[in-house]
Each structure stands twice: as C-alpha cells, then as structure tokens.
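What follows is the residue order along each chain.
2 protein chains.
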Amino acid sequence: MCERKEREAGKTFMPKFDDKGLLTAVVVHHETSAILMVGFMDAEALAATLETGFAHFHSRSRGKLWKKGETSGHVLEVRQTLVDCDQDALVLSCLPAGPTCHTGAQSCFYRVLDDGILQPVKA
Amino acid sequence: MCERKEREAGKTFMPKFDDKGLLTAVVVHHETSAILMVGFMDAEALAATLETGFAHFHSRSRGKLWKKGETSGHVLEVRQTLVDCDQDALVLSCLPAGPTCHTGAQSCFYRVLDDGILQPVKA
Numbered sequence: 037m038c039e040r041k042e043r044e045a046g047k048t049f050m051p052k053f054d055d056k057g058l059l060t061a062v063v064v065h066h067e068t069s070a071i072l073m074v075g076f077m078d079a080e081a082l083a084a085t086l087e088t089g090f091a092h093f094h095s096r097s098r099g100k101l102w103k104k105g106e107t108s109g110h111v112l113e114v115r116q117t118l119v120d121c122d123q124d125a126l127v128l129s130c131l132p133a134g135p136t137c138h139t140g141a142q143s144c145f146y147r148v149l150d151d152g153i154l155q156p157v158k159a
Numbered sequence: 037m038c039e040r041k042e043r044e045a046g047k048t049f050m051p052k053f054d055d056k057g058l059l060t061a062v063v064v065h066h067e068t069s070a071i072l073m074v075g076f077m078d079a080e081a082l083a084a085t086l087e088t089g090f091a092h093f094h095s096r097s098r099g100k101l102w103k104k105g106e107t108s109g110h111v112l113e114v115r116q117t118l119v120d121c122d123q124d125a126l127v128l129s130c131l132p133a134g135p136t137c138h139t140g141a142q143s144c145f146y147r148v149l150d151d152g153i154l155q156p157v158k159a
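Chain order of the listed sequences is R and X.
Count the first sequence with my numbering and you get residues 37 to 159, in order.
Count the second sequence with my numbering and you get residues 37 to 159, in order.
Hint data in this document are derived by calculation from the structure and do not stem from the laboratory.
Please read these numbers as outputs of a predicted model, since none were measured by experiment.
The reader is advised that the hints may include incorrect statements.
If several chains are the same, the list does not tell them apart, and a pair holds so long as it fits within one copy or across any two.
Result set (DSS-like, lysine-lysine): computed pairs, CA atoms no more than 25 Å apart in a straight line [stated by the list, open to error]:
#1 K52 <-> K158
#2 K52 <-> K41
#3 K100 <-> K56
#4 K103 <-> K47
#5 K158 <-> K47
#6 K103 <-> K158
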C-alpha cells in the first residue's frame, strides 16, 4: 500500500506534523458534542496526552508544552480520539473539569459572527 | 479597552492570522453537529467565504485559494460562524451538499484511535 493510501485507509497511526512540527487538535465535549477549543500539538504534547489521558498542547506563544488546566485545574480528560483522513488533525472528545476557556466561558466559541458583528451565542 | 480585551470581549471581528497568514476553521454539520473537516483560511479565503456564503480555504499544499467542492460539487453552505476567544479559530456550521471528505466519507474524521490502532468510527 502506498504511503498516502496507508495514511488514509490503514490502521496505522502516523500523525502528520506540519513544517513547525504541529498538528491541529479540536476539543469537543464528550457528552454534548459542543466544540470547546482548538489547540496545537507537537509530538511531545501528543505523547503526553496519549500517556496520561489528559489533553496537552504546544503553546505557540510560549513555545512549550502545556497541560490544559495545569494552573486552573480545568483539565480535559480525553475519552475518545478521532483522526482525520490525512492524519494532520485530531478531535479529542473530552470530559472537562470546569470551564474550558480562560475567560471563564464553558467554550472558547462563545460568540457568533452576525453581519460583521460579534454577538454572544444563544444558549 | 485594550486590544486583548477588545479581541476577547468586544463586538469587533478582528481575525488573528498566524505568521503564515492563516487561521484554523473547523467545519461542523449544521444539523447533526458532527465535525466534518478542519481547514485553514487566509484573509482571501475568509473574505470569499463571508461574501459567497460557501466555505473557502487556503490550500497549504497547493498554496492557493480553494473553494470546497469546486471539483466534486460537494460544497459547504455556511449557516453560522462562531469565533473563539482570541479570534484565531472559527467554527463554520454548514449544510454539506455531499460527503465532505475526498475519500467519500461523510466526515474526514472516520477513524478512532483505539489502543494505538485506527479503527472505523461506529455509526
């Protein structure tokens, strides 16, 4: 099987990091399916996530490994990991220990773009 | 209001592109909330999306604007756009005209990582 075929159709997990060594991780709530946040993982963050069962990311601004909730306590317990066709994006289905957003919102996606203006998402 | 505060709490849409001029766009199905794909948008793709109501991305491999479905016909009609706290990620809630993945799957996330092995997602 050629590499592309194996990557798309195979059973082998072969995460594809970009030229900065990152892939995209979308966090959804395991019970509600709401999208909670988007982060980036390098190989270290991915390994830490798989090893511990708690979501870790690579902070692009701080340039280092970051366990989500390491300060706030609002960790994300990973219950399921989905992988996309070319293996450069993951969906982490998680049980959050508290609000996911640093603003205190349950999700980072608390606003909707409405005719060019941001409005609060209606519950 | 300082720029960070305005970005996080304000009504002004001020999309934050990374050093490659890209932000992350997560596509979800407007009716089922299933995550369909993850793509990247530059300012051109974002403008085309907002102007036409159909999802456009920037192809990182081809280095150019890409209207999703331009070849397959499987366009994504954007019904709602959510914006995250620091405005560097969007959720596009879409009605898909066909399977979203180029493999023919409804979603690009058709596999789950199970003990190190990729398995088909159970419906």
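Status of the hints after comparison with the structure:
Taking identical chains as interchangeable, the C-alpha atoms of K52 and K158 lie at most 25 Å apart only when they sit on different chains, with a minimum of 24 Å there against 36 Å within one chain. Taking identical chains as interchangeable, the C-alpha atoms of K52 and K41 lie at most 25 Å apart only when both belong to the same chain, with a minimum of 14 Å there against 35 Å between chains. In this assembly of identical chains, the alpha carbons of K100 and K56 lie at most 25 Å apart whether taken from the same copy (13 Å) or from different copies (20 Å). In the homo-oligomer, the alpha carbons of K103 and K47 never lie at most 25 Å apart, since the shortest distance is 28 Å inside one protomer and 30 Å across protomers.
In the homo-oligomer, the alpha carbons of K158 and K47 lie at most 25 Å apart only across protomers (15 Å), although the nearest pairing inside one protomer, at 40 Å, exceeds that limit. Neither within a single protomer nor between protomers do K103 and K158 lie at most 25 Å apart by alpha-carbon distance, with minima of 30 Å and 29 Å respectively.
The structure shown violates the earlier hints numbered 4 and 6.
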